[in-house]
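J.: Given only the sequences and the hints, what does the whole structure look like? Please build it.
Protein sequences, first through last, are from chains A, B and C. Residues in the first sequence are numbered from 1 upward in steps of one, following the numbering used here. Residues in the second sequence are numbered from 1 upward in steps of one, following the numbering used here. Residues in the third sequence are numbered from 1 upward in steps of one, following the numbering used here.
Derived from the structure by calculation, the hints contain no laboratory data. Each hint should be verified, as a subset may be incorrect.
Listed below are the simulated PhoX-like cross-link pairs for lysine-lysine, each with C-alpha atoms no more than 25 angstroms apart in a straight line [as the list claims (entries may be wrong)]:
id, chain 1, residue 1, chain 2, residue 2
1, C, K110, C, K99
2, B, K121, B, K88
3, C, K97, C, K319
4, C, K594, C, K642
5, A, K26, C, K6
6, C, K68, B, K5
7, A, K3, A, K48
8, A, K48, C, K33
9, A, K3, A, K26
10, C, K286, C, K68
11, C, K99, C, K258
12, C, K97, C, K256
13, C, K437, C, K319
14, C, K594, C, K13
15, C, K68, B, K6
16, C, K437, B, K6
17, A, K48, C, K97
18, C, K134, B, K5
19, C, K33, B, K88
Facing chain C, according to a computed beta carbon distance under 8 angstroms, are these residues of chain A, among others [said to hold, decoys possible]:
id, residue
20, A23
21, K26
22, V56
23, G81
Glycine included, C-beta positions come from ideal geometry on N, C-alpha and C.
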Amino acid sequence: MAKVIFSSQLQRYTDGVRELEVAASKYQDLVAELSQRFPAMTTAVIDKYAIAIDGVINQMPLLARFDHDSELVFIARIAGG
Amino acid sequence: MSTQKKTHVSTTINGEPCEFLCEPQQILSDVLRTNLNMTGTKEGCTTGDCGACSVILDGALVCSCLVLAVEAENRSIETIEGIAEDGKLHPIQQKLLEHAALQCGICTPGVVIASKVLLEKNPDPSEEQVRYWLAGNLCRCTGYDKIIRAVLDAGAVMRGEARS
Amino acid sequence: MNQQVKPVKTDFKYVGTRPIRPDGPDKVTGRAKYGADLNLPGMLFGHIVRSPHAHARIKSIDFTEALKLPGVLATMCADDLPDPGDRILPGAEIEMKLKDISPIIMARDKVLFHAQAVAAVAATSASLAAEAAKLVRVEYEVLPHVLDVHAAMRDDAPLLHNDMFTQGMNPPPTTPSNLSVDFTMDMGDLAAGFAEADVVVERTYRVPMCHQGYIEPHAAVARTDGNGRVEIWCCTQGHFMVRSMTAEITGIELGKIKVIASEIGGGFGGKTTVYGEPVAAVLALKSGRPVKIVMSREEVFRATGPVSSAETRVRIGAKNDGTITAIETDILMESGAYSSSPIMPSTMFAAACYRCANMRSRGREVLTNKAKVWAYRAPGAPQSIMAVECAINEVAERLGMDPIDLRLKNAVEEGDVPLFGLPFLAIGLKKALQEAKNHPHYRAPLQANQGRGVAAAFWINAGMQSSATINVAADGSLHVLTGNPDIGGSRASMALLAAEVLGIPVETVHPSVVDTDSVGYCDTTGGSRTTLATGGAVIQAAEMLVAELCKRAAAIWNVNFDDVEWSDGKAIARIGADLENLMEGTAAAASAPKVLTLAELAAMAGATGGPLCAVATLHAHNAQPAFAVNICDAAVDRETGKVDILRYTCIQDAGKAVHPAYVEGQMQGGAVQGIGWALNEEYIYNEKGELDNAGFLDYRIPVASDLPMIDTVIVEVPNPLHPFGIRGVGEVPICPPMPAVVTAVNQAAGVRVCDLPLTPPKLLAAIDAA
Chain A
1 MAKVIFSSQL
11 QRYTDGVREL
21 EVAASKYQDL
31 VAELSQRFPA
41 MTTAVIDKYA
51 IAIDGVINQM
61 PLLARFDHDS
71 ELVFIARIAG
81 G
Chain B
1 MSTQKKTHVS
11 TTINGEPCEF
21 LCEPQQILSD
31 VLRTNLNMTG
41 TKEGCTTGDC
51 GACSVILDGA
61 LVCSCLVLAV
71 EAENRSIETI
81 EGIAEDGKLH
91 PIQQKLLEHA
101 ALQCGICTPG
111 VVIASKVLLE
121 KNPDPSEEQV
131 RYWLAGNLCR
141 CTGYDKIIRA
151 VLDAGAVMRG
161 EARS
Chain C
1 MNQQVKPVKT
11 DFKYVGTRPI
21 RPDGPDKVTG
31 RAKYGADLNL
41 PGMLFGHIVR
51 SPHAHARIKS
61 IDFTEALKLP
71 GVLATMCADD
81 LPDPGDRILP
91 GAEIEMKLKD
101 ISPIIMARDK
111 VLFHAQAVAA
121 VAATSASLAA
131 EAAKLVRVEY
141 EVLPHVLDVH
151 AAMRDDAPLL
161 HNDMFTQGMN
171 PPPTTPSNLS
181 VDFTMDMGDL
191 AAGFAEADVV
201 VERTYRVPMC
211 HQGYIEPHAA
221 VARTDGNGRV
231 EIWCCTQGHF
241 MVRSMTAEIT
251 GIELGKIKVI
261 ASEIGGGFGG
271 KTTVYGEPVA
281 AVLALKSGRP
291 VKIVMSREEV
301 FRATGPVSSA
311 ETRVRIGAKN
321 DGTITAIETD
331 ILMESGAYSS
341 SPIMPSTMFA
351 AACYRCANMR
361 SRGREVLTNK
371 AKVWAYRAPG
381 APQSIMAVEC
391 AINEVAERLG
401 MDPIDLRLKN
411 AVEEGDVPLF
421 GLPFLAIGLK
431 KALQEAKNHP
441 HYRAPLQANQ
451 GRGVAAAFWI
461 NAGMQSSATI
471 NVAADGSLHV
481 LTGNPDIGGS
491 RASMALLAAE
501 VLGIPVETVH
511 PSVVDTDSVG
521 YCDTTGGSRT
531 TLATGGAVIQ
541 AAEMLVAELC
551 KRAAAIWNVN
561 FDDVEWSDGK
571 AIARIGADLE
581 NLMEGTAAAA
591 SAPKVLTLAE
601 LAAMAGATGG
611 PLCAVATLHA
621 HNAQPAFAVN
631 ICDAAVDRET
641 GKVDILRYTC
651 IQDAGKAVHP
661 AYVEGQMQGG
671 AVQGIGWALN
681 EEYIYNEKGE
691 LDNAGFLDYR
701 IPVASDLPMI
711 DTVIVEVPNP
721 LHPFGIRGVG
731 EVPICPPMPA
741 VVTAVNQAAG
751 VRVCDLPLTP
761 PKLLAAIDAA
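T.: Below you can see the structure in the form of structure tokens.
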């Protein structure tokens, strides 16, 4: 089961849950699983973030896949200059 | 203002006779760039603060944005387009390239012009002298380090002390 | 994915050398064409009408008098643009609401800052357009304005947007305000961390609003063709961005817009958006003539996107042995009139250099009636890192510890997890700190009234999307086409990368930045991504070419593809090398390798399958952070308050420096921008909300006589995810200089001024008070 780690910002939508093991192995399934588990965590909320899979940031993760031992961290999108 | 008759000006640019029509209030940098399509001279501010529009007017270093185009009558102007002779780069131009002393390059024509006037007046300037001479040429990309090194190096070449 | 990454290349023949950049000769001779350098037959000149008020409702716009002037051929205002509604700009780096972008191009209903664009005219000469602009009658209902973030947060403050409900608060407030963002990130137990500290330092530092200060004002020329297609020539950090923004703002179909990037005279983040381009496009469509719009220097300062100011309260706790036990930052950032500030990265990255289990960082963004802010190098990071680094230096002082040793003790390494949650892979912070410690600058003695400051910093670096096309000409020369405007020598790097893969002299590789029709999509030149991502696409395209060339050689020689290798610009088949072992006596004849050069294969392209061309596109997920350390020596004249920067050294991890001279250039340029921001640069507003110093005379950027040589040391800890180990280098250089300079100056003067810039009057007042 891949592990999702929620920052303190996102913990507002997860009722304080900091870490969660998820059954999903594809990003789209992950989004569905999270919004089902945490109704406040809508797609609109999730879309504001990029996702880092094992430390590698993916800003358009529509087709992203991950392993059963992957660590997933949502990171706010930022822009360079 | 815009309905005033244009003024006819006869001048010399990079050694060649040149005539143009301009509005009386038009600045020289604008005439060079718009009327004569000589866009090598750049405009960063049009208030004489940045040096990007530097040209040589009767041997003196000036900001062409502070010169009315009509003042060019019967005078002699050198611009960046005339610095390389017969396709051969001037030592200042060559050294700026070798030292990677330009990033965006917008200040570069002004730096070339200003440095040329310096090295012709003072063939062996100190680092401090180069820095103060070029204080009127703003650069936002390089931090000036490589530009100063290039100009000092070009001076050595022009004095015959170094290979070009 | 626990992905298997190819081993990073470490031996290079061309990468790491310093050839003269291919676009260099044109730049030193004035031949290179920048945004304002294009003149077309029949061209009109556009001029923008700007608001004289900092906050007002637009009641009416009347062009009648302006149109009476002969030669005034088109006008426009927000009525010519579609209503932005709630549309989000598709494909942007971060979420951008069109209603925060469109009004910057042309104000709609309200103006929210002095000099905001309200209307535009196009006429047959620049002077005529300026005259006509003065005749455009705009009626305003003036509203009260607010210019200070603290005043803007009060309940009775003038409200800029009645639909602004603070983001980041849960639940969001029910009353609108000028507090656009308020969020907090934390990890560990801050209270416990401070409880175990022997020393606690708490300060508030103010960094002013400033400007990126590029020397070239924004300029664009737009023209249409008979098909209603619009072609825009402009100076920009991203012509694909110009295409999509112009389409969204004007309603012109994306596919009908072609953008050509001119050479660009500086950007530093300020040219990653549009200002005049959509206006020129609309005026060109309305008039049927090409339209040129060039901003004046004054317009650039007043009405483009300045850099957010910030007030950062920092609190750091440490044990006597130097272990940092708690770090707290509270950043209050000014965004101008629309929510646009980099409060997110500012909050996330403030203490990214330090391993500390207990951290909290709060970020608030506040709106004021000033121009909407935009990006600078490493947006947001310099402002908050400024406070943290100064506080770390103060902790070192209090502990009697060397400031580099304190940093070495707490510096993040591979495996450490920062506040934003991403564990670090291999990084170069400790190596850079060690280089700083061993550098002769650090050991040089100081005299009276002199001080030394050290600072470390981080920037995350972006990846994003890039494309590259490589065509091989019949003589074996390469044309490398990419879509990233060259702001700092990237074309030279593209050539080096292609030369490296093909094993050919870099002089035979011709790199170009081509228009939006001629290469695949490329995200902007910014975010320290061009060498990594666009270079990555060039590497991929070059590798595809090598595979194709080997395939063709194999076909010519009638051998297996696997028997052909590519080396130093040649296809080589070592057929018979294995036969040597089987058939004695045949070794000599059989082992002579077959060779075909790139030029020979190129000449045979038609006969072997057709033109040789490779196209690569990618979405780079392999960007990795950069760390930098700066050392600054400064002297202060106690009579005048003048600061002299005596010596400056920059150390930075570049992963792999493709063209080291241009990496050095980024380091030096960023350092000097930081020096300027620390000592001189700030936006000064009067009480009407007008910028008092809207020119280079009074907005004083560093000049050549202000500075010494800037020494550079490039450290290379390869990016483990990139085939050549490349890390972005363009932005992190601006992150360490402010704290390095401020620490040095305060030390030299024996004061602790926390309010930047450290101008002579401020220093003198502090010296006199001390």
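J.: Work down the list of hints and note, for each, if the structure agrees.
T.: Tested hints:
no. : hint              : result
1   : K110/C <-> K99/C  : 12 angstroms, holds
2   : K121/B <-> K88/B  : 22 angstroms, holds
3   : K97/C <-> K319/C  : 46 angstroms, violated
4   : K594/C <-> K642/C : 70 angstroms, violated
5   : K26/A <-> K6/C    : 24 angstroms, holds
6   : K68/C <-> K5/B    : 19 angstroms, holds
7   : K3/A <-> K48/A    : 20 angstroms, holds
8   : K48/A <-> K33/C   : 39 angstroms, violated
9   : K3/A <-> K26/A    : 13 angstroms, holds
10  : K286/C <-> K68/C  : 17 angstroms, holds
11  : K99/C <-> K258/C  : 24 angstroms, holds
12  : K97/C <-> K256/C  : 23 angstroms, holds
13  : K437/C <-> K319/C : 22 angstroms, holds
14  : K594/C <-> K13/C  : 23 angstroms, holds
15  : K68/C <-> K6/B    : 21 angstroms, holds
16  : K437/C <-> K6/B   : 66 angstroms, violated
17  : K48/A <-> K97/C   : 13 angstroms, holds
18  : K134/C <-> K5/B   : 21 angstroms, holds
19  : K33/C <-> K88/B   : 20 angstroms, holds
20  : A23               : 17 angstroms, violated
21  : K26               : 12 angstroms, violated
22  : V56               : 5 angstroms, holds
23  : G81               : 2 angstroms, holds
Consistency note: the structure conflicts with the earlier hints numbered 3, 4, 8, 16, 20 and 21.
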